[in-house]
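If you count the sequence shown from 1, position 45 lands on 45 in the UniProt record's numbering, and the numbers rise without skipping.
Heads up, a few of these hints could be off.
[Said to hold, decoys possible] Taking lysine to aspartate or glutamate and the DMTMM-like style, the derived pairs with C-alpha atoms no more than 25 Å apart in a straight line are:
{"#": "1", "residue 1": "Lys68", "residue 2": "Glu28"}
{"#": "2", "residue 1": "Lys338", "residue 2": "Asp362"}
{"#": "3", "residue 1": "Lys338", "residue 2": "Glu286"}
{"#": "4", "residue 1": "Lys186", "residue 2": "Asp157"}
{"#": "5", "residue 1": "Lys161", "residue 2": "Glu176"}
{"#": "6", "residue 1": "Lys161", "residue 2": "Glu124"}
{"#": "7", "residue 1": "Lys257", "residue 2": "Glu358"}
{"#": "8", "residue 1": "Lys257", "residue 2": "Asp361"}
{"#": "9", "residue 1": "Lys338", "residue 2": "Asp275"}
{"#": "10", "residue 1": "Lys161", "residue 2": "Glu28"}
{"#": "11", "residue 1": "Lys186", "residue 2": "Glu123"}
{"#": "12", "residue 1": "Lys338", "residue 2": "Glu371"}
{"#": "13", "residue 1": "Lys313", "residue 2": "Glu347"}
{"#": "14", "residue 1": "Lys161", "residue 2": "Asp178"}
{"#": "15", "residue 1": "Lys40", "residue 2": "Glu26"}
{"#": "16", "residue 1": "Lys161", "residue 2": "Glu107"}
{"#": "17", "residue 1": "Lys186", "residue 2": "Asp244"}
{"#": "18", "residue 1": "Lys387", "residue 2": "Asp372"}
{"#": "19", "residue 1": "Lys52", "residue 2": "Glu64"}
{"#": "20", "residue 1": "Lys186", "residue 2": "Glu234"}
{"#": "21", "residue 1": "Lys338", "residue 2": "Asp372"}
{"#": "22", "residue 1": "Lys52", "residue 2": "Asp157"}
{"#": "23", "residue 1": "Lys186", "residue 2": "Asp230"}
{"#": "24", "residue 1": "Lys161", "residue 2": "Glu123"}
{"#": "25", "residue 1": "Lys186", "residue 2": "Asp208"}
{"#": "26", "residue 1": "Lys186", "residue 2": "Asp165"}
{"#": "27", "residue 1": "Lys387", "residue 2": "Glu277"}
{"#": "28", "residue 1": "Lys52", "residue 2": "Glu107"}
{"#": "29", "residue 1": "Lys227", "residue 2": "Glu213"}
{"#": "30", "residue 1": "Lys40", "residue 2": "Glu308"}
{"#": "31", "residue 1": "Lys218", "residue 2": "Glu234"}
{"#": "32", "residue 1": "Lys186", "residue 2": "Glu107"}
{"#": "33", "residue 1": "Lys313", "residue 2": "Glu274"}
{"#": "34", "residue 1": "Lys186", "residue 2": "Glu213"}
{"#": "35", "residue 1": "Lys218", "residue 2": "Asp208"}
[Claimed, not checked] Label-pair ranges, simulated between beta-carbon atoms:
{"#": "36", "residue 1": "Ile43", "residue 2": "Pro70", "range": "15 to 25 Å"}
{"#": "37", "residue 1": "Gly391", "residue 2": "Pro204", "range": "51 to 61 Å"}
{"#": "38", "residue 1": "Ala38", "residue 2": "Glu124", "range": "44 to 54 Å"}
{"#": "39", "residue 1": "Ile231", "residue 2": "Lys186", "range": "19 to 29 Å"}
No lab work stands behind these hints: they were computed from the structure.
Idealized CB from N, CA, C, for every residue including glycine.
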Amino acid sequence: MPPERTIFLVDGQSFYASIEKAAHPEYEGRPIAVGDPARKSGIILAACPDAKARGVTTAERVGEARAKCPDLVVIRPRMQRYITISLLITEIFESVTDLVEPYSIDEQFLDVTGLDSSFGSAEELAGYLQTQIRLSTGVWSRVGIGPSKILAKMATDNFAKRRPDGIFRLGPENIESDLWPLPVNKMFMVAGRMTRHFIRMGLPTIGDIARLELGEFKRRMRREMGKQSDIQAEYYWQTARGIDPSPVEASIRGNLKSISHGKALRSSLYRRLEDIEVVLLELVVEVCQRARRLGRQGRVVSVGAMGEDGERKTWFGRQLTLSQPTALTHEVAAAARKLFVAHWSGEAVGRLFVALTELSDDRIDQLTLFEDRITAYALERTSDAIKERYGSAALLRASSLLSSGVALERAEQIGGHYK
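Take the sequences, apply the hints, and build the full model.
In C-alpha coordinates:
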(Lines of atoms letter the chains of each structure in order from A and count residues from 1; the text may use other names and numbers.)
(Lines give C-alpha, C1' and ligand atoms only; values in the text may rest on other atoms or scores of the structure.)
Protein backbone atom coordinates (compact mmCIF):
# COMPACT_ATOMS: atom_id res chain seq x y z
CA MET A 1 0.00 0.00 0.00
CA PRO A 2 1.23 3.55 -0.73
CA PRO A 3 1.94 5.62 2.38
CA GLU A 4 -0.84 7.85 3.73
CA ARG A 5 -0.57 11.26 2.19
CA THR A 6 0.87 14.13 4.21
CA ILE A 7 -0.55 17.47 3.09
CA PHE A 8 0.31 20.91 4.47
CA LEU A 9 -1.77 24.06 4.19
CA VAL A 10 0.58 26.92 5.05
CA ASP A 11 -1.04 30.27 5.85
CA GLY A 12 0.78 33.59 6.32
CA GLN A 13 -0.48 35.36 9.44
CA SER A 14 -1.89 38.84 8.67
CA PHE A 15 0.06 38.57 5.43
CA TYR A 16 0.00 42.15 4.12
CA ALA A 17 0.39 43.65 7.59
CA SER A 18 3.24 41.29 8.50
CA ILE A 19 5.14 42.27 5.35
CA GLU A 20 4.70 45.95 6.14
CA LYS A 21 5.73 45.47 9.75
CA ALA A 22 8.90 43.69 8.64
CA ALA A 23 9.61 46.57 6.24
CA HIS A 24 9.07 49.19 8.98
CA PRO A 25 11.01 48.19 12.13
CA GLU A 26 10.14 51.59 13.61
CA TYR A 27 6.58 50.27 14.05
CA GLU A 28 7.66 47.34 16.23
CA GLY A 29 5.04 46.91 18.96
CA ARG A 30 2.68 49.40 17.28
CA PRO A 31 -0.75 48.44 15.91
CA ILE A 32 -0.63 48.66 12.12
CA ALA A 33 -3.13 47.95 9.36
CA VAL A 34 -3.04 48.00 5.58
CA GLY A 35 -5.48 50.30 3.83
CA ASP A 36 -5.70 53.75 2.30
CA PRO A 37 -4.82 56.22 5.09
CA ALA A 38 -6.34 59.09 3.10
CA ARG A 39 -9.81 57.54 2.89
CA LYS A 40 -11.90 57.12 6.03
CA SER A 41 -14.43 55.16 4.01
CA GLY A 42 -11.77 52.80 2.64
CA ILE A 43 -11.53 49.30 4.08
CA ILE A 44 -8.87 47.60 6.17
CA LEU A 45 -7.26 44.88 4.03
CA ALA A 46 -5.18 43.39 6.85
CA ALA A 47 -4.38 44.11 10.49
CA CYS A 48 -1.45 42.89 12.56
CA PRO A 49 -2.08 40.94 15.79
CA ASP A 50 -1.40 44.08 17.88
CA ALA A 51 -4.14 45.90 15.99
CA LYS A 52 -6.54 42.95 16.20
CA ALA A 53 -6.02 42.87 19.96
CA ARG A 54 -7.27 46.47 19.99
CA GLY A 55 -10.47 45.50 18.15
CA VAL A 56 -9.43 46.29 14.57
CA THR A 57 -10.91 43.83 12.08
CA THR A 58 -10.36 43.09 8.40
CA ALA A 59 -12.90 44.66 6.01
CA GLU A 60 -14.05 47.39 8.40
CA ARG A 61 -13.77 51.05 7.48
CA VAL A 62 -10.52 52.90 8.14
CA GLY A 63 -12.43 55.55 10.08
CA GLU A 64 -14.08 52.93 12.29
CA ALA A 65 -10.73 51.23 12.94
CA ARG A 66 -9.11 54.52 13.97
CA ALA A 67 -12.02 55.28 16.30
CA LYS A 68 -11.33 52.01 18.12
CA CYS A 69 -7.56 52.40 17.99
CA PRO A 70 -6.49 56.08 17.76
CA ASP A 71 -2.77 55.24 17.47
CA LEU A 72 -3.35 52.81 14.59
CA VAL A 73 -0.77 53.19 11.80
CA VAL A 74 -2.50 52.74 8.42
CA ILE A 75 -0.14 51.92 5.54
CA ARG A 76 -1.12 52.10 1.90
CA PRO A 77 -1.05 48.63 0.24
CA ARG A 78 1.76 47.62 -2.12
CA MET A 79 0.29 44.74 -4.08
CA GLN A 80 3.32 44.10 -6.26
CA ARG A 81 5.42 43.69 -3.11
CA TYR A 82 2.96 41.19 -1.65
CA ILE A 83 2.89 39.17 -4.87
CA THR A 84 6.71 39.11 -4.93
CA ILE A 85 6.85 37.86 -1.33
CA SER A 86 4.23 35.20 -2.07
CA LEU A 87 6.31 33.93 -4.99
CA LEU A 88 9.41 33.89 -2.79
CA ILE A 89 7.55 31.73 -0.27
CA THR A 90 6.56 29.40 -3.10
CA GLU A 91 10.25 29.01 -3.95
CA ILE A 92 10.98 28.10 -0.32
CA PHE A 93 8.34 25.37 -0.51
CA GLU A 94 9.66 24.14 -3.85
CA SER A 95 13.06 23.62 -2.24
CA VAL A 96 11.56 20.65 -0.38
CA THR A 97 8.79 19.41 -2.71
CA ASP A 98 7.72 19.83 -6.33
CA LEU A 99 4.06 19.56 -5.35
CA VAL A 100 3.14 23.11 -4.33
CA GLU A 101 -0.31 24.51 -5.15
CA PRO A 102 -1.07 28.17 -4.37
CA TYR A 103 -4.55 28.51 -2.88
CA SER A 104 -4.47 32.28 -2.41
CA ILE A 105 -1.78 34.94 -2.13
CA ASP A 106 -1.13 33.93 1.50
CA GLU A 107 -2.08 30.22 1.50
CA GLN A 108 -0.45 27.29 -0.28
CA PHE A 109 -0.91 23.51 -0.26
CA LEU A 110 2.14 21.23 -0.18
CA ASP A 111 2.25 17.47 -0.64
CA VAL A 112 5.18 16.34 1.53
CA THR A 113 4.37 12.62 1.55
CA GLY A 114 7.49 10.62 2.33
CA LEU A 115 9.58 13.61 3.40
CA ASP A 116 8.89 13.11 7.12
CA SER A 117 11.86 10.82 7.62
CA SER A 118 14.30 13.39 6.21
CA PHE A 119 13.23 15.94 8.83
CA GLY A 120 12.22 13.63 11.67
CA SER A 121 8.47 14.26 11.48
CA ALA A 122 5.89 16.31 9.61
CA GLU A 123 5.80 18.73 12.53
CA GLU A 124 9.57 19.25 12.35
CA LEU A 125 9.35 19.86 8.61
CA ALA A 126 6.59 22.39 9.26
CA GLY A 127 8.79 24.11 11.84
CA TYR A 128 11.68 24.22 9.37
CA LEU A 129 9.48 25.91 6.75
CA GLN A 130 8.16 28.39 9.32
CA THR A 131 11.73 29.38 10.19
CA GLN A 132 12.78 29.77 6.55
CA ILE A 133 9.76 31.95 5.77
CA ARG A 134 10.24 34.08 8.89
CA LEU A 135 13.95 34.67 8.17
CA SER A 136 13.34 35.44 4.49
CA THR A 137 10.20 37.59 4.70
CA GLY A 138 9.37 38.43 8.32
CA VAL A 139 6.03 36.63 7.98
CA TRP A 140 4.91 34.17 10.66
CA SER A 141 3.19 31.13 9.15
CA ARG A 142 0.72 28.62 10.51
CA VAL A 143 0.71 25.06 9.20
CA GLY A 144 -2.19 22.65 9.14
CA ILE A 145 -1.27 18.99 8.53
CA GLY A 146 -3.57 16.25 7.32
CA PRO A 147 -3.96 13.28 4.98
CA SER A 148 -6.14 15.41 2.66
CA LYS A 149 -6.34 19.02 1.53
CA ILE A 150 -9.67 19.46 3.32
CA LEU A 151 -8.28 18.31 6.67
CA ALA A 152 -5.09 20.36 6.26
CA LYS A 153 -7.20 23.46 5.58
CA MET A 154 -9.50 22.89 8.56
CA ALA A 155 -6.48 22.11 10.76
CA THR A 156 -5.00 25.49 9.86
CA ASP A 157 -8.18 27.55 10.21
CA ASN A 158 -9.53 25.99 13.40
CA PHE A 159 -6.46 24.94 15.35
CA ALA A 160 -3.01 26.00 14.04
CA LYS A 161 -3.99 29.68 14.04
CA ARG A 162 -4.73 29.44 17.77
CA ARG A 163 -1.59 27.58 18.86
CA PRO A 164 1.63 29.31 19.95
CA ASP A 165 3.72 27.09 17.64
CA GLY A 166 1.28 27.56 14.75
CA ILE A 167 1.23 23.84 13.88
CA PHE A 168 -1.60 21.31 14.16
CA ARG A 169 -2.20 17.85 12.70
CA LEU A 170 -5.72 16.63 12.00
CA GLY A 171 -6.25 13.02 10.95
CA PRO A 172 -8.15 9.80 11.63
CA GLU A 173 -6.71 9.62 15.15
CA ASN A 174 -8.23 12.94 16.33
CA ILE A 175 -10.88 14.02 13.84
CA GLU A 176 -13.68 12.75 16.08
CA SER A 177 -12.31 14.25 19.30
CA ASP A 178 -11.11 17.60 17.93
CA LEU A 179 -12.98 18.47 14.74
CA TRP A 180 -16.40 16.96 15.18
CA PRO A 181 -17.40 18.88 18.35
CA LEU A 182 -16.89 22.21 16.54
CA PRO A 183 -19.91 24.27 15.43
CA VAL A 184 -20.94 23.45 11.89
CA ASN A 185 -19.93 26.93 10.63
CA LYS A 186 -16.30 25.95 11.32
CA MET A 187 -16.48 23.38 8.52
CA PHE A 188 -14.84 24.35 5.26
CA MET A 189 -17.21 26.10 2.79
CA VAL A 190 -20.03 26.48 5.31
CA ALA A 191 -21.07 30.12 5.60
CA GLY A 192 -24.11 31.80 7.15
CA ARG A 193 -26.78 30.49 4.80
CA MET A 194 -25.72 26.84 5.00
CA THR A 195 -25.25 27.16 8.76
CA ARG A 196 -28.91 28.18 9.07
CA HIS A 197 -29.96 25.20 6.94
CA PHE A 198 -27.98 22.78 9.12
CA ILE A 199 -29.30 24.30 12.36
CA ARG A 200 -32.88 23.88 11.11
CA MET A 201 -32.03 20.27 10.24
CA GLY A 202 -30.91 19.68 13.85
CA LEU A 203 -27.21 19.41 12.89
CA PRO A 204 -25.42 22.13 14.91
CA THR A 205 -21.96 20.50 14.92
CA ILE A 206 -19.66 19.00 12.31
CA GLY A 207 -19.93 15.64 14.04
CA ASP A 208 -23.72 15.66 13.71
CA ILE A 209 -23.24 15.51 9.94
CA ALA A 210 -20.30 13.09 10.00
CA ARG A 211 -22.06 10.51 12.16
CA LEU A 212 -25.07 10.22 9.86
CA GLU A 213 -25.20 7.61 7.14
CA LEU A 214 -24.89 9.31 3.75
CA GLY A 215 -28.35 8.14 2.66
CA GLU A 216 -29.97 9.62 5.76
CA PHE A 217 -28.09 12.91 5.33
CA LYS A 218 -29.25 13.12 1.70
CA ARG A 219 -32.86 12.56 2.78
CA ARG A 220 -32.61 15.37 5.33
CA MET A 221 -31.01 17.68 2.77
CA ARG A 222 -33.79 16.97 0.27
CA ARG A 223 -36.43 17.88 2.85
CA GLU A 224 -34.62 21.10 3.67
CA MET A 225 -33.29 22.17 0.27
CA GLY A 226 -35.13 20.22 -2.41
CA LYS A 227 -34.52 17.27 -4.69
CA GLN A 228 -31.45 18.76 -6.38
CA SER A 229 -29.34 18.79 -3.20
CA ASP A 230 -27.76 15.32 -3.45
CA ILE A 231 -24.44 16.58 -4.82
CA GLN A 232 -24.21 19.20 -2.07
CA ALA A 233 -25.10 16.59 0.53
CA GLU A 234 -22.33 14.27 -0.61
CA TYR A 235 -19.80 17.12 -0.61
CA TYR A 236 -20.62 18.28 2.94
CA TRP A 237 -20.79 14.72 4.27
CA GLN A 238 -17.34 13.93 2.85
CA THR A 239 -15.94 17.23 4.15
CA ALA A 240 -17.18 16.48 7.67
CA ARG A 241 -15.36 13.15 7.51
CA GLY A 242 -12.22 14.64 5.99
CA ILE A 243 -12.61 12.75 2.72
CA ASP A 244 -10.90 14.56 -0.15
CA PRO A 245 -8.97 12.58 -2.80
CA SER A 246 -8.03 15.68 -4.83
CA PRO A 247 -4.27 15.92 -5.41
CA VAL A 248 -1.97 18.85 -4.77
CA GLU A 249 -1.38 20.09 -8.30
CA ALA A 250 1.84 21.91 -9.06
CA SER A 251 0.20 23.51 -12.08
CA ILE A 252 -3.27 24.84 -11.38
CA ARG A 253 -3.84 26.64 -14.68
CA GLY A 254 -6.04 24.90 -17.17
CA ASN A 255 -6.66 26.01 -20.73
CA LEU A 256 -7.40 29.73 -20.80
CA LYS A 257 -11.11 30.24 -21.58
CA SER A 258 -11.37 34.02 -21.58
CA ILE A 259 -9.42 37.25 -21.14
CA SER A 260 -11.27 40.01 -19.35
CA HIS A 261 -10.93 43.24 -17.43
CA GLY A 262 -13.46 45.22 -15.42
CA LYS A 263 -13.58 48.46 -13.48
CA ALA A 264 -15.78 49.68 -10.61
CA LEU A 265 -16.73 53.32 -11.22
CA ARG A 266 -18.21 56.18 -9.26
CA SER A 267 -21.58 56.12 -10.97
CA SER A 268 -22.19 59.83 -10.34
CA LEU A 269 -19.32 60.58 -12.76
CA TYR A 270 -20.36 58.22 -15.54
CA ARG A 271 -23.76 59.29 -16.80
CA ARG A 272 -22.77 60.46 -20.30
CA LEU A 273 -21.87 58.17 -23.18
CA GLU A 274 -18.74 60.16 -24.02
CA ASP A 275 -17.38 59.58 -20.48
CA ILE A 276 -18.27 55.89 -20.41
CA GLU A 277 -16.69 55.36 -23.84
CA VAL A 278 -13.32 56.50 -22.49
CA VAL A 279 -13.25 53.74 -19.86
CA LEU A 280 -14.67 51.19 -22.30
CA LEU A 281 -11.78 51.85 -24.68
CA GLU A 282 -9.24 51.66 -21.84
CA LEU A 283 -10.55 48.25 -20.84
CA VAL A 284 -10.37 47.06 -24.45
CA VAL A 285 -6.75 48.22 -24.62
CA GLU A 286 -5.92 46.16 -21.52
CA VAL A 287 -7.76 43.06 -22.76
CA CYS A 288 -6.07 43.16 -26.17
CA GLN A 289 -2.61 43.81 -24.72
CA ARG A 290 -2.97 40.84 -22.37
CA ALA A 291 -4.28 38.64 -25.20
CA ARG A 292 -1.25 39.48 -27.37
CA ARG A 293 1.12 38.85 -24.46
CA LEU A 294 -0.41 35.38 -24.09
CA GLY A 295 -0.36 34.73 -27.82
CA ARG A 296 -4.15 34.53 -28.01
CA GLN A 297 -6.96 36.14 -29.98
CA GLY A 298 -10.72 35.94 -29.52
CA ARG A 299 -13.73 35.44 -31.77
CA VAL A 300 -16.36 36.66 -29.29
CA VAL A 301 -16.42 40.10 -27.63
CA SER A 302 -18.50 40.52 -24.45
CA VAL A 303 -19.50 43.72 -22.66
CA GLY A 304 -21.23 44.02 -19.31
CA ALA A 305 -22.35 47.05 -17.31
CA MET A 306 -24.05 47.67 -13.98
CA GLY A 307 -26.40 50.64 -14.08
CA GLU A 308 -27.78 52.73 -11.22
CA ASP A 309 -30.78 55.06 -11.28
CA GLY A 310 -30.67 56.14 -7.64
CA GLU A 311 -33.17 53.54 -6.42
CA ARG A 312 -32.15 50.25 -7.98
CA LYS A 313 -29.27 48.59 -9.77
CA THR A 314 -29.54 46.91 -13.13
CA TRP A 315 -27.14 44.75 -15.10
CA PHE A 316 -26.77 43.78 -18.71
CA GLY A 317 -24.25 41.56 -20.44
CA ARG A 318 -24.15 40.97 -24.19
CA GLN A 319 -21.75 39.37 -26.66
CA LEU A 320 -20.97 39.64 -30.35
CA THR A 321 -19.31 37.04 -32.59
CA LEU A 322 -16.78 38.57 -34.98
CA SER A 323 -16.10 37.44 -38.53
CA GLN A 324 -12.62 36.30 -37.47
CA PRO A 325 -10.59 36.07 -34.23
CA THR A 326 -8.66 39.19 -33.26
CA ALA A 327 -6.57 40.87 -30.58
CA LEU A 328 -6.37 44.19 -32.43
CA THR A 329 -7.59 47.05 -30.29
CA HIS A 330 -9.54 48.91 -32.96
CA GLU A 331 -11.49 45.80 -33.98
CA VAL A 332 -12.42 44.81 -30.43
CA ALA A 333 -13.19 48.45 -29.52
CA ALA A 334 -15.62 48.80 -32.42
CA ALA A 335 -17.48 45.66 -31.37
CA ALA A 336 -17.52 46.66 -27.67
CA ARG A 337 -18.89 50.13 -28.43
CA LYS A 338 -21.57 48.67 -30.72
CA LEU A 339 -22.70 46.30 -27.98
CA PHE A 340 -22.74 48.96 -25.28
CA VAL A 341 -24.62 51.57 -27.30
CA ALA A 342 -27.21 49.01 -28.42
CA HIS A 343 -28.03 47.79 -24.90
CA TRP A 344 -27.30 50.70 -22.53
CA SER A 345 -30.49 52.15 -21.08
CA GLY A 346 -28.97 55.54 -20.29
CA GLU A 347 -28.49 54.98 -16.55
CA ALA A 348 -25.34 55.97 -14.68
CA VAL A 349 -22.76 53.17 -14.85
CA GLY A 350 -21.17 51.80 -11.67
CA ARG A 351 -19.22 48.94 -13.21
CA LEU A 352 -17.96 48.13 -16.70
CA PHE A 353 -16.62 44.84 -18.04
CA VAL A 354 -15.01 43.69 -21.34
CA ALA A 355 -14.02 40.15 -22.31
CA LEU A 356 -12.65 38.13 -25.21
CA THR A 357 -13.71 34.47 -25.48
CA GLU A 358 -13.50 31.61 -28.00
CA LEU A 359 -9.74 32.05 -27.87
CA SER A 360 -7.30 30.68 -30.43
CA ASP A 361 -3.59 30.87 -31.26
CA ASP A 362 -2.74 34.29 -32.71
CA ARG A 363 -0.07 32.79 -34.99
CA ILE A 364 -2.91 31.65 -37.25
CA ASP A 365 -4.47 34.62 -39.01
CA GLN A 366 -6.70 35.06 -42.04
CA LEU A 367 -5.37 37.73 -44.39
CA THR A 368 -7.77 40.18 -46.06
CA LEU A 369 -7.59 42.23 -49.23
CA PHE A 370 -8.72 45.41 -47.49
CA GLU A 371 -6.54 45.68 -44.38
CA ASP A 372 -2.89 45.03 -43.57
CA ARG A 373 -3.39 43.07 -40.34
CA ILE A 374 0.26 42.02 -40.18
CA THR A 375 1.37 45.65 -39.96
CA ALA A 376 -1.42 46.43 -37.48
CA TYR A 377 -0.27 43.61 -35.18
CA ALA A 378 3.37 44.70 -35.52
CA LEU A 379 2.43 48.23 -34.44
CA GLU A 380 0.43 46.99 -31.46
CA ARG A 381 3.24 44.67 -30.33
CA THR A 382 5.74 47.54 -30.55
CA SER A 383 3.44 49.52 -28.26
CA ASP A 384 3.21 46.49 -25.93
CA ALA A 385 7.01 46.24 -25.74
CA ILE A 386 7.31 49.90 -24.73
CA LYS A 387 4.71 49.45 -21.98
CA GLU A 388 6.36 46.27 -20.73
CA ARG A 389 9.68 48.09 -20.39
CA TYR A 390 8.59 51.49 -19.13
CA GLY A 391 5.20 50.83 -17.53
CA SER A 392 1.63 50.82 -18.80
CA ALA A 393 1.41 54.62 -18.53
CA ALA A 394 4.34 55.12 -20.91
CA LEU A 395 1.95 55.16 -23.88
CA LEU A 396 -1.62 56.33 -23.44
CA ARG A 397 -4.40 57.31 -25.80
CA ALA A 398 -5.22 61.01 -25.61
CA SER A 399 -8.73 60.23 -24.34
CA SER A 400 -7.23 58.70 -21.19
CA LEU A 401 -6.03 62.18 -20.18
CA LEU A 402 -9.63 63.37 -19.92
CA SER A 403 -11.15 63.60 -16.44
CA SER A 404 -13.19 60.44 -17.14
CA GLY A 405 -10.09 58.37 -17.90
CA VAL A 406 -8.89 55.77 -15.38
CA ALA A 407 -5.83 54.36 -17.19
CA LEU A 408 -3.35 56.48 -15.21
CA GLU A 409 -4.93 55.34 -11.95
CA ARG A 410 -4.97 51.69 -13.05
CA ALA A 411 -1.29 51.92 -14.04
CA GLU A 412 -0.50 52.39 -10.35
CA GLN A 413 -2.58 49.43 -9.22
CA ILE A 414 -2.76 45.64 -9.20
CA GLY A 415 -6.17 44.09 -8.60
CA GLY A 416 -7.62 47.49 -7.71
CA HIS A 417 -4.94 48.21 -5.08
CA TYR A 418 -1.77 50.23 -5.29
CA LYS A 419 1.37 48.37 -6.36
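Tell me, which hint numbers fail for this structure? none
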